[in-house]
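Participant: Those protein sequences? They're chains A and B, same order as listed. Residue 407 in the numbering used here is what sits at position 68 of the first sequence, and the numbering runs on without skipping anything. Residue 365 in the numbering used here is what sits at position 26 of the second sequence, and the numbering runs on without skipping anything.
Treat the hints with care, since some could be wrong.
Heads up, the list lumps identical chains together, so a pair's fine if it works in one copy or across two of them.
As the list claims (entries may be wrong) - For lysine-lysine, the following DSS-like pairs were computed, each having C-alpha atoms within a straight-line distance of at most 27 Å:
#1 K522 - K499
#2 K434 - K513
#3 K362 - K443
#4 K499 - K513
#5 K522 - K362
#6 K499 - K443
#7 K499 - K362
#8 K443 - K513
#9 K513 - K362
#10 K434 - K522
#11 K443 - K522
Hint data in this document are derived by calculation from the structure and do not stem from the laboratory.
Next come the chains, spelled out residue by residue.
Protein chains: 2
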Amino acid sequence: MSGKIHIVDDDASFRSALERRLKRAGYSVTTYPSAQLLLDHLPDESEPACILLDLRMPGLSGMEVQTRLAQRGSTLPLIFLTGYADVRTSVRAIKAGAEDFLAKPVGSEQLLDAIGRAMARHRALREQAAEQDERRAHLASLTPRERQVFELVVRGKINKQIALQLGATERTIKAHRHRVMEKMGVQSLAELVSMAERLGILNRVSGDGKQT
Amino acid sequence: MSGKIHIVDDDASFRSALERRLKRAGYSVTTYPSAQLLLDHLPDESEPACILLDLRMPGLSGMEVQTRLAQRGSTLPLIFLTGYADVRTSVRAIKAGAEDFLAKPVGSEQLLDAIGRAMARHRALREQAAEQDERRAHLASLTPRERQVFELVVRGKINKQIALQLGATERTIKAHRHRVMEKMGVQSLAELVSMAERLGILNRVSGDGKQT
DNA sequence: AGTTGTGTTGTCCCAAGGGACAATAGGAAC
DNA sequence: GTTCCTATTGTCCCTTGGGACAACACAACT
């Protein structure tokens, strides 16, 4: 179970040759004759995996796949394989987040190195993504009102100020605050703030500005 | 004052031609015949700037410069210019954080685009770096003891627990805590935690582990 | 009509945080 | 030796936060 590799290439003989090579190396392999097919059956990311993608194919190009995958929130690392490697394109691909960009034919060592890095990266990304998803789920469980209180609390506002700003009594804020802590699954303000920070909530400006 | 450009290239005629082109475009330009000279006079980063670097030079190569600069904490974006552009090298350079990788001769539009992006990026990096430096300076002003208290406080420990763990009375912790807030320049626990988060303190494990 | 979710507010009480004012003790620097 | 920094601890008192228990208003859904 060292990982799953998705190969996308319109050249059938290349696909199967590559598949054999990688299976020999101990990977689980799936092949796709077109990018569309990959996008249609979005690979699950429950185990380390990566995508080997031919850059130039009929239909969707490799770069387009990169964009689409990113849009869908996929964290699958991409390794481009192409017969027409040019610098311009490789730079664009890497800047867009691809793990690597290799020219066909690709040496086994180089390929396996890249795959190893991609798998490691995917492992790390998956963990981060999982934690982030959990945080976002907690956040989504808040009612709008609770969400407002949450934001003000983690900005260091005290109940009294929050009550004033939201036009409620301090007691009410206390109640909301209590439920926020509960729903977010934390026991201390410190944890709540830490969570807010990781959710990127503390960077946004909140239309306010004044107040100590 | 749209920015400062540092050109490093061993080819004198190329240097001066490029310098003229960029000055015409409104940039302030400095040239260096060797990478070592650039490293010897580390460019100040008080205004937006970037480096145009020939990849292949006698002495230090462009890639080595990239490493050295990173080691010294420079945030200056690098744009590689090279006559021998190959995919392998370009991928490595971009993965190492270079802003762009262009082949000589380079078209004006392409070059100015890259420079524009580099300047924008440098502006952003500088702001971040400045903030981070300020945070680190605050942190460094803490005594070892205060630092300990700081770490426990932002992890949500209450004074009583901290006192127990550090073998002091609650009153003492209160005193340290007070000075920590003062030195870090914050008024609320929320701000303190936020600062700790940005300092990367909340990710490290603290040898403890138990406790709620 | 009854249930559920959300927002609201109350009282009582205790724990935790924080300011004010003050003092002791040891080590390092001058 | 005197001074400065750091660490330590005290008391008094007020503010904040939070738990327990309870209740009311309103809208949406069944």
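Participant: Next step is simple, just say for each hint if it's right about the structure.
Facilitator: Now the hints, each set against the structure:
1. K522 - K499: both (22 Å within a copy, 26 Å between copies)
2. K434 - K513: Neither: 47 Å inside a chain and 49 Å across chains, both beyond 27 Å.
3. K362 - K443: Classified as within; 19 Å inside a copy, 42 Å across copies.
4. K499 - K513: Both, since 10 Å and 23 Å are each at most 27 Å.
5. K522 - K362: For K522 and K362, the Cα distance exceeds 27 Å both inside one copy (45 Å) and across copies (58 Å).
6. K499 - K443: neither (66 Å within a copy, 64 Å between copies)
7. K499 - K362: neither (64 Å within a copy, 58 Å between copies)
8. K443 - K513: For K443 and K513, neither the intra-copy (63 Å) nor the inter-copy (65 Å) Cα distance is at most 27 Å.
9. K513 - K362: neither (59 Å within a copy, 61 Å between copies)
10. K434 - K522: neither (38 Å within a copy, 40 Å between copies)
11. K443 - K522: neither (52 Å within a copy, 58 Å between copies)
Taken one by one, the earlier hints fail for this structure at numbers 2, 5, 6, 7, 8, 9, 10 and 11, listed in ascending order.
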